[in-house]
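Please build the complete structure, drawing on both the sequences and the hints.
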Amino acid sequence: MAIDVPENVVVSKLDELASWCRKNSLWPMPFATACCGIELMATGASRHDLARFGAEVMRFSPRQCDLMIVAGRVVMKMLPVLQRIWSQMHEPKWCISMGACASTGGVFDTYSVVQGIDRFLPVDMYVPGCPPRPEQLIQAIIDLQDKIQREGTISGREFATRSRQERKRALVELPVITLPRGASHLPHGMRVE
Amino acid sequence: MIDAATKAALSEAFPPIAWTEFRGDTRAVVPRDVLFEVFKRLRDAHGFDLMVDITCVDYLNYRGAEDRFGLVYLLASTHTNERITLRVFVNEPDLSVPSAVALWEGANWLEREVWDMFGIPFEGHPDLRRILMPEEFTAFPLRKDYPLQGRGERHNFPVLHREDA
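Top to bottom, those sequences are chains B and X.
Residue numbers for the first sequence, in numbering that gives the first Met the number 0: 0 to 192.
Residue numbers for the second sequence, in numbering that gives the first Met the number 0: 0 to 164.
Calculated from the structure, these hints are not laboratory results.
For clarity, every value in this text was computed on a predicted model and none was experimentally measured.
Please note that a few of the clues may not be correct.
Claimed, not checked - Quick list of simulated restraints, FRET-style, between CB atoms:
#1 X/Leu147 <-> B/Ile37: 23 to 33 Å
#2 B/Pro79 <-> X/Asp32: 37 to 47 Å
#3 X/Lys39 <-> B/Arg46: 57 to 67 Å
Where is the CB? At the ideal position from N, CA and C, for every residue including glycine.
Quick look at the structure:
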């Protein structure tokens with residue numbers, strides 16, 4: 000049965016519409032602790048102009064943000080603050096680990112620096128560099144937009160999928176448990192797709 | 000470089016002080032039991048009114064070293080621009096050193112930092128707490144027998160996942 004659709008009507012999936020809205024209005028939470036923060040400021044400023052990608056509204060309240068950009072090294076004393084800010088952000092939310100220090104600890108291989116924030120937080124994009132150029136951060140945001148468009152759902156189901164839960168090398172002490180399909184008693188926090 | 004008369008007066012009052020000179024800097028190794036007296040005399044009689052810095056060196060496994068910790072006090076006189084370096088050597092198990100806070104208020108945080116990093120207790124300090132590391136930290140990280148990457152203190156934070164955020 001053919002439906003007569005007028006020319007000014009677009010048919011799409013609700014998921015894609017929601018993802019399209021979300022990806023083009025990312026509100027970054029600038030968690031800038033070191034020199035990467037300077038590059039983050041440069042990215043937001045007029046020369047590189049993050050507004051071209053709809054992500055220029057830096058908010059210093061986590062309750063208004065949906066993209067946390069961790070720019071710079073995070074020390075162990077700072078980590079509870081970082082985790083609290085992440086917890087205060089509303090879903091759906093994403094995290095960019097900007098620079099070598101946030102991603103791996105960088106040259107600060109010491110007792111006081113977190114060796115990669117992905118040990119304690121979920122991270123969507125890693126930006127290498129020390130510090131990264133603004134172009135690299137912009138590329139990370141573009142890639143994140145692609146990721147949001149590709150796998151985003153209006154209910155946020157994509158955050159519960161197996162691939163998003165896989166632990167990084169630092170988290171081998173918390174492995175993803177492989178369970179037979181249909182198992183009824185899952186450990187806390189584990190889901191089987 | 001300090002005034003020759005100051006040096007002579009101090010040498011006479013405290014004979015155990017060992018003096019050295021290096022490129023115009025006067026350095027003195029002071030025994031711990033007369034340290035506070037030397038401080039008091041330097042401040043009251045010779046005009047050293049500024050405690051510039053307090054720091055510490057751990058000489059564990061250091062070539063030719065006889066003592067474990069060497070505390071370094073940098074003093075200055077804002078009137079005559081004289082500077083003097085005082086050094087005190089302490090060994091385990093008794094690492095305590097008299098606090099200089101009663102003489103220079105500015106020594107407060109400097110001594111807290113040395114306590115935090117090296118575990119040197121300053122006797123008579125009004126508020127000897129950690130200043131850089133978190134309160135529940137138990138080690139003294141700048142000691143040479145502390146591993147560079149730590150012993151895993153504070154790595155027990157909860158890991159936040161997507162599904163429970």
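Here is what the structure says about each hint:
1. X/Leu147 <-> B/Ile37: 23 to 33 Å: holds (28 Å)
2. B/Pro79 <-> X/Asp32: 37 to 47 Å: The hinted range 37 to 47 Å holds for B/Pro79 and X/Asp32, with Cβ atoms some 44 Å apart.
3. X/Lys39 <-> B/Arg46: 57 to 67 Å: This hint holds: roughly 59 Å between Cβ atoms.
Hint compliance for this structure: no hint is broken.
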